[in-house]
Amino acid sequence: MAFSWAQRCSGGNTKGHQCVDWSKAPTHAHWWAVDANGAAHWFADPRLIAFDTSWRFEVMAAPDFGYIGDYTQSLTERPSRAL
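Counted from 1, the sequence shown has number 27 at position 27 by this note's numbering; the numbering is strictly sequential.
You can take every hint at face value.
Simulated restraints on C-beta separations: (1) Lys24 <-> Tyr71: 14 to 24 Å; (2) Gln18 <-> Phe51: 33 to 43 Å; (3) Tyr71 <-> Pro26: 17 to 27 Å; (4) His28 <-> Asp70: 24 to 34 Å; (5) Ser80 <-> Phe51: 24 to 34 Å; (6) Asp52 <-> Lys15: 25 to 35 Å.
Treat the hints as calculated values from the structure; they're not laboratory data.
Just so you know, even glycine gets a beta-carbon here, dropped at the ideal spot from N, CA and C.
Using the sequences provided together with the hints, build the complete structure.
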């Protein structure tokens, strides 16, 4: 059974967003999500900075890729890259 783009990309009942275009993501982005205000962002993995006591992570504005589902279900991990 084939699904239309709208069915695959509308958020649906699955966690994450099937239509995130990872080719548009910064190389170091590992996650994509939409916040409660509808703004989408790329997230890099958290890291510790030398001589600091706090975790740091980078957040960058991202396209929403047509996501219209519940923002609490939008967190999408970047697929593994083939070696």
